[in-house]
Amino acid sequence: MGSIFINGLGNISPQKTFDNGHFLDELTNSNTNQLRCIDPNYKEYISGDLVRRMSRIIKMGIASARICLQDASVEMPDAIITGTGLGCIEDTEKFLSNLIRNNEEFLTPTPFIQSTHNTVGAQIALLMKCHNYNFTYVNRGISFESALTDAMIRLKLGDSRNILLGGMDELTANSFAIMERLGHWKRKPVNNLDLFSDFNRGSIAGEGVAFFLLSPEKNVHSYARLAGVDTFYKPKDTREIEARISSFLQQAETHVGDLDLVILGLNGDPTQDKPYGDLSSGLFKNTQRGYFKHLCGEYLTSSAFALWLSCRIMKQQLIPEVISSPQIPQKSIKNILIYNHYRNIDHSIMLISQV
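According to my numbering, the sequence shown is numbered sequentially starting from 6.
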């Protein structure tokens, strides 16, 4: 089977990541328990009459996709594949609220039409007049990885040459309140850059949209080679996690000693972070480690942000101080492993290598 390359990026997140000409130059630093995306000027990517009728996640999705395609110098993808945990939840809430408020009468169709999980992928295709393969995966904490797996299969089978892959979730007041009641978020605001120094229960809520252009062909735009992805469900203990990671690396013909950076999904909740701590003192004891959820918050498709971060690090051969402490003397970065889990239920591993 041939190689798969990541040839374009587009990312809208709580950091200023929508401009690929900069890389975490200016950091969002605030006392909060929720991080919301920094919006670009959407009129640069969507006409004014359309942008007024679109919900926030649709605008973020279309803009991120167009940034990605421009970055890769690709006009029309052969497939659009997206992954989302909760979909267009703002429109879902709006439709259900109107349903209750109007006693199931006089409902406008727009919020219902835009509330389905595949709306972002569909809107991108409509605006581009793209009639190719279009699929959305909704699979809790591994929704993005499910979409990525489909994309890799299609490329390896030769069904597509350029695939637009995306991962997205948005944060709303209602979803935040419900999950806060369940104990998912910090009760008191915390400086997001000091997240890992706060040992109280809960994390920081986040959101984001990231797109990638995948292709079997390497070119001047290539960021990294995608070496593999794997997912697993509810491991019994850290030993099982270590075994899955070791097996994954073996299949990718890579060893732990070959890893120049491991990006871990710590979210600031001591209970949720225990597996990462065990791996840091065990399997990855002698490997440089980095973190990312203090930059984007916790959400179901946050691993898409981690993949974006890894690609930027790989291409620029630079590990920002804000993601890794302590710093290890820099050397050539050839292999980056991402390990993330959501609520210790859905676990995923991704590996990228230098082009």
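I should point out that these hints are in silico values taken from the structure, not numbers from a laboratory.
Take these hints with a grain of salt, some might be off.
[Stated by the list, open to error] Listed below are the simulated EDC-like cross-link pairs for lysine to aspartate or glutamate, each with C-alpha atoms no more than 16 Å apart in a straight line:
(1) K99 with D83
(2) K320 with D76
(3) K279 with D263
(4) K134 with D83
(5) K21 with D44
(6) K48 with D24
(7) K279 with E247
(8) K279 with D235
*For the pair we were handed, K48 and D24, check the Cα-Cα distance against 16 Å.*
15 Å, holds
*Do the alpha carbons of K279 and E247 lie within 16 Å of each other, as the hint requires?*
13 Å, holds
_Run the distance test for K279 versus D263: straight-line Cα separation, threshold 16 Å._
Violated, at roughly 24 Å.
_K134 and D83 were given as a pair; does the straight-line alpha-carbon distance stay at or below 16 Å?_
12 Å, holds
*Would you mind confirming whether the straight-line C-alpha gap from K99 to D83 stays at or under 16 Å?*
33 Å, violated
*asked:* Need the status of pair K279, D235: alpha-carbon distance at most 16 Å?
replied: Violated: K279 and D235 sit about 21 Å apart, past 16 Å.
*Straight-line Cα separation of K320 and D76 no greater than 16 Å?*
The hint holds at about 13 Å.
*Restraint check for K21 with D44, where alpha carbons must lie at most 16 Å apart*: Status holds; Cα separation ~8 Å.
The structure fails to meet hints 1, 3 and 8 from the earlier list, while all remaining hints are met.
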